[in-house]
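Sequence lines, in order, name chains B and L.
The numbers in numbering that gives the first Met the number 0 rise by one with no breaks, and the one at position 256 of the first sequence is 255.
The numbers in numbering that gives the first Met the number 0 rise by one with no breaks, and the one at position 27 of the second sequence is 26.
Hints in this document: simulated from the structure, not taken from any laboratory.
Be careful, since some hints might not be right.
To be verified - Straight line, CA to CA, 27 Å or less: simulated DSS-like cross-link-like pairs of lysine-lysine:
no., chain 1, residue 1, chain 2, residue 2
1, L, K185, L, K86
2, B, K250, L, K243
3, B, K148, B, K250
4, L, K200, L, K190
5, L, K200, L, K86
6, L, K52, B, K148
7, L, K52, L, K243
8, L, K185, L, K204
9, B, K150, B, K250
10, L, K243, B, K150
11, B, K148, L, K243
12, L, K204, L, K190
Each chain, letter by letter, is given below.
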Amino acid sequence: MISHLLKSKFLHDYLRDPSVLVGSFILLVFILAALFGPWIAPQNPYDLKAISLEDFLKPPSWMAEGEAKFPLGTDDQGRDILSTILYGCRTSLIVAFGVVLVSGSFGITMGMLAAYYGGRLDALLMRLADTFFSFSTTLIAFLLLGVFKQKGVLVVIIAISIADWVRYARTMRGSVLEIKETAFITAARASGAGDMRILLRHLLPNALPPIFVVVAVDLAVVIMIEATLSFLGVGVPLTEPSLGMMISIGKDYIYAGMWWMIVFPGITLILLVVGINLFADWLREELNPKIQ
Amino acid sequence: MLAGVYGTEQDRVEIRKAYALDKPFYIQYALFIARAARGDFGNSYVNRISALKLIMERAPATVELVTTSAVVALILGIGLGVMVSLKPRSAVSRLIMAASLGGISIPTFLIGVLLIMVFSVYLHILPPFGRGETVTMGFWRTGLLTWSGITHLILPALTLMGYQLAVLLRLTRAGMREVLTEEYIKTAWAKGLSARRVIFKHALKNVLIPVITISGLMLGELLAFSVVTETIFQWPGMGNLLLKSIYDSDQPIIVTYIMLASVVILSINIIVDILYAFLNPRIRYD
Numbered sequence: 000m001i002s003h004l005l006k007s008k009f010l011h012d013y014l015r016d017p018s019v020l021v022g023s024f025i026l027l028v029f030i031l032a033a034l035f036g037p038w039i040a041p042q043n044p045y046d047l048k049a050i051s052l053e054d055f056l057k058p059p060s061w062m063a064e065g066e067a068k069f070p071l072g073t074d075d076q077g078r079d080i081l082s083t084i085l086y087g088c089r090t091s092l093i094v095a096f097g098v099v100l101v102s103g104s105f106g107i108t109m110g111m112l113a114a115y116y117g118g119r120l121d122a123l124l125m126r127l128a129d130t131f132f133s134f135s136t137t138l139i140a141f142l143l144l145g146v147f148k149q150k151g152v153l154v155v156i157i158a159i160s161i162a163d164w165v166r167y168a169r170t171m172r173g174s175v176l177e178i179k180e181t182a183f184i185t186a187a188r189a190s191g192a193g194d195m196r197i198l199l200r201h202l203l204p205n206a207l208p209p210i211f212v213v214v215a216v217d218l219a220v221v222i223m224i225e226a227t228l229s230f231l232g233v234g235v236p237l238t239e240p241s242l243g244m245m246i247s248i249g250k251d252y253i254y255a256g257m258w259w260m261i262v263f264p265g266i267t268l269i270l271l272v273v274g275i276n277l278f279a280d281w282l283r284e285e286l287n288p289k290i291q
Numbered sequence: 000m001l002a003g004v005y006g007t008e009q010d011r012v013e014i015r016k017a018y019a020l021d022k023p024f025y026i027q028y029a030l031f032i033a034r035a036a037r038g039d040f041g042n043s044y045v046n047r048i049s050a051l052k053l054i055m056e057r058a059p060a061t062v063e064l065v066t067t068s069a070v071v072a073l074i075l076g077i078g079l080g081v082m083v084s085l086k087p088r089s090a091v092s093r094l095i096m097a098a099s100l101g102g103i104s105i106p107t108f109l110i111g112v113l114l115i116m117v118f119s120v121y122l123h124i125l126p127p128f129g130r131g132e133t134v135t136m137g138f139w140r141t142g143l144l145t146w147s148g149i150t151h152l153i154l155p156a157l158t159l160m161g162y163q164l165a166v167l168l169r170l171t172r173a174g175m176r177e178v179l180t181e182e183y184i185k186t187a188w189a190k191g192l193s194a195r196r197v198i199f200k201h202a203l204k205n206v207l208i209p210v211i212t213i214s215g216l217m218l219g220e221l222l223a224f225s226v227v228t229e230t231i232f233q234w235p236g237m238g239n240l241l242l243k244s245i246y247d248s249d250q251p252i253i254v255t256y257i258m259l260a261s262v263v264i265l266s267i268n269i270i271v272d273i274l275y276a277f278l279n280p281r282i283r284y285d
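Working from the sequences, and respecting the hints, build out all of it.
This is the structure in structure tokens:
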């Protein structure tokens, strides 16, 4: 009953906030583009048979030397920019959701255990969190990837997660500490519930709302980190699509006035992150009882 | 690798021996600790000179870039955050908030590339790379004393501070919005205190604690993104050197960089902890 009421209030607020509607719309378009990218893209930019070096550095189709085949132009290898962007979004979203899944589940578990049992585990976790936070996720992931010289989508997910999980652990810890001493947990214990049952059935669902905001913010942050790592050349390998790498290639051609290699992937990246941030902003205000 | 692309097998063996690379990793580690304790971090594999010296040569450029960005981001971030929170509905505030959404949504490298495109390639008003003319003062080569040095600093500093500025602004605004509705602020107004006193003494002081926490964490981020910024602008700093060393697998440089970064980050965190005590008397240890 209560959850029903909450849902309807959520829905009510949601439908009346133009910025979150815009954000969700952008996000929906990107998720669809990423899911169906391979079918809607005019060309598979990573299939060597599909691309031709003769098509290199073509401007967008509405300009004098453009071709209708390449609506947003081509890069230095003759890859269609539009298709590469569609494939790149796929990588961005796979990495983002991958990191949220890996570091989220690990972080939530660790945060919950630390808050519930306290003691050494808690102290260790907090010191670890302090260290990771002051070095920043980007720097840690960059150094890990740089030193171990491994590349690929999975490796990037792992490298970012190694530094990123403390974000979830810290939030979860705070949230659990707050409700740990409330009456309903005492009641659950009095009724004979074991640790496992209290953790999973009582603490977990009630401590989750602040985590939703972290997830939303984290999706945007991870997309930017992945793009940054690939831009620096330590992220996904050259044989895989990435928005960051497209911009890094385009960077070498800005003095030649070939703006399309940067502007289009750039706009895509910004829209993707703005969409998620608009959603995250709304969620934060919605879940904060202090501002109503 | 040290033997060069054309080195013979014998060269390789000799070099491995000379650098103790043929020993198991725990012996290498012990050797490294023993030398590091004496302040010797080894020589660069590529340049064959002391890694620490190589990094210290590059340090002034990075320190100037990072400090400029941090100071400007702090002042502007808090200042604009307070302004926006006081008049949330005005056109200027809305514009600033929209810009700050842009600030947290555009990755640093993209800001840099776009700035170069606009200001250097199309408008030709600011130089796109390098540090300009520098003045040597003792061991410190500074670019802050020449006009060319300052114009060269503008774009990299803007790039590096963009994200931090937006984060600080949004944090200050959110904090001020919460605090301004509290009872004690209403009391302060009712007492007839001047607006300046209420806003800065009563409201802002309480908002500053989370802001200071974030600015302590800012340093790690700034160092990380100095790698990006320095690469884009070919700024001759430590970040640029680090990325090059990573491409070249120049381990001594990477290790020395990490050690130096840790020392700096730790010191800043200690300073931030002391600042807390000034801002919030409740957590003073006495």
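Consistency of the hints with the structure:
As the CA atoms of K185(L) and K86(L) are separated by approximately 17 Å, the hinted pair is consistent with the 27 Å bound. With a C-alpha separation of about 18 Å, the suggested pair K250(B) and K243(L) falls inside the 27 Å cut-off, and the hint holds. Proposed proximity of K148(B) and K250(B) is supported: the alpha carbons are some 23 Å apart, at most 27 Å. For the proposed pair K200(L) and K190(L), the alpha carbon gap of about 14 Å is at most 27 Å, so the pair holds.
For the hint pairing K200(L) with K86(L), the CA-to-CA distance comes to about 18 Å; that is within 27 Å, so the pair holds. Distance hint between K52(L) and K148(B) is fulfilled; the C-alpha atoms sit about 26 Å from each other, no more than 27 Å. For the hint linking K52(L) to K243(L), the alpha-carbon distance of about 16 Å falls within 27 Å, and the restraint holds. For the hint pairing K185(L) with K204(L), the CA-to-CA distance comes to about 16 Å; that is within 27 Å, so the pair holds.
Of the supplied pair hints, the one linking K150(B) and K250(B) holds, its CA atoms being roughly 21 Å apart against a limit of 27 Å. Proximity of K243(L) to K150(B) is assessed by CA-CA distance (about 17 Å); at most 27 Å being required, the pair is judged to hold. Restraint check for K148(B) and K243(L): satisfied, since their Cα atoms lie roughly 13 Å apart, inside the 27 Å limit. Note on K204(L) and K190(L): the hinted pairing holds, with a Cα-Cα distance of about 18 Å set against a maximum of 27 Å.
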